[in-house]
Amino acid sequence: EVQLVESGGGLVQPGGSLRLSCAASEFTFSEYWMNWVRQAPGKGLEWVANINQDGSDKNHVDSVKGRFTISRDNAKNLLYLQMNSLRVEDTAVYYCARGGRWFDSWGQGTLVTVSS
Amino acid sequence: DIQMTQSPSSLSASVGDRVTITCRASQSIRTYLNWYQQKPGQDPKLLMYSASNLQSGVPSRFSGSGSGTDFTLTISSLQPEDFATYYCQQTYSMGGVTFGPGTKVD
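Residue numbers (my numbering), protein chains in the order written: chain A, 1350 to 1465; chain B, 4 to 109.
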């Protein structure tokens, strides 16, 4: 069974940084597009970023461009989201999700809280 | 960016009811439209992909249709485990994937 396990969330002050990780197992990680999706408390889903199989194509939602960077390490089966210049409005549960045209597996999420 | 809208935003239904949720895109997305179900405290679950394809393991009471800008998700006979929030998602634009705002079924 596909497993995606996020880590790295926590409490950070506005302007701070965090790096999220997503450990993938039970599938060939290097064959899939991967994504980060977030959900603010009580709100809907927002796609944050995606990355293709070899990391040569990356896309980010406009609200995080220049602040967040998605990356991957296929040798370690890890997906990352480097988050800089964090804002209060970045507070959310961050999910990693497998897939390009559809997201067929999701992690359980990691909570990021941006507050002073 | 492609904007997605859903209607209704919430609906009240009973077990056995036929439920239809509508999703509309701000421009044609062909059939790059997916549906997800999310229950409180859980991660989302893929129900339908490419507008009308049932994800493996999803009950056949779920169906999807549409192309271009207008899409529907139908639950033919609502079951107790179907009370949840449903989201549509477009992946026509891989550089700007967007979700609809969600429809809560309670």
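For the record, the hints were derived by calculation from the structure and aren't laboratory data. Just so it is clear, the structure is predicted and the values come from calculations on it, not from any experiment. Think of the CB as a built atom: it goes at the ideal place given N, C-alpha and C, for glycine as much as any other residue. There's no promise every hint is true.
[Said to hold, decoys possible] Anything over 10 Å on all C-beta distances counts as not near chain B; from chain A, calculated:
(1) 1363
(2) 1370
(3) 1379
(4) 1381
(5) 1415
(6) 1416
(7) 1433
(8) 1450
(9) 1452
(10) 1465
[Unchecked claim] Restricting the straight-line Cα-Cα distance to at most 20 Å, the calculated cross-link-like pairs of lysine-lysine (PhoX-like) are:
(11) A/1425 x B/107
(12) A/1425 x B/42
(13) B/107 x B/48
(14) A/1425 x A/1407
(15) B/42 x B/107
(16) A/1392 x B/42
[Stated by the list, open to error] Just the calculated beta-carbon pair ranges, DEER-fashion:
(17) B/20 x A/1411: 35 to 41 Å
(18) B/12 x A/1366: 31 to 37 Å
(19) A/1364 x B/73: 27 to 33 Å
(20) B/19 x A/1364: 49 to 55 Å
(21) A/1402 x B/96: 14 to 20 Å
Okay, the hints, checked on the actual structure:
| no. | hint | verdict |
| --- | --- | --- |
| 1 | 1363 | 26 Å, holds |
| 2 | 1370 | 17 Å, holds |
| 3 | 1379 | 18 Å, holds |
| 4 | 1381 | 13 Å, holds |
| 5 | 1415 | 15 Å, holds |
| 6 | 1416 | 17 Å, holds |
| 7 | 1433 | 21 Å, holds |
| 8 | 1450 | 5 Å, violated |
| 9 | 1452 | 6 Å, violated |
| 10 | 1465 | 27 Å, holds |
| 11 | A/1425 x B/107 | 38 Å, violated |
| 12 | A/1425 x B/42 | 31 Å, violated |
| 13 | B/107 x B/48 | 15 Å, holds |
| 14 | A/1425 x A/1407 | 19 Å, holds |
| 15 | B/42 x B/107 | 10 Å, holds |
| 16 | A/1392 x B/42 | 13 Å, holds |
| 17 | B/20 x A/1411: 35 to 41 Å | 39 Å, holds |
| 18 | B/12 x A/1366: 31 to 37 Å | 35 Å, holds |
| 19 | A/1364 x B/73: 27 to 33 Å | 43 Å, violated |
| 20 | B/19 x A/1364: 49 to 55 Å | 53 Å, holds |
| 21 | A/1402 x B/96: 14 to 20 Å | 19 Å, holds |
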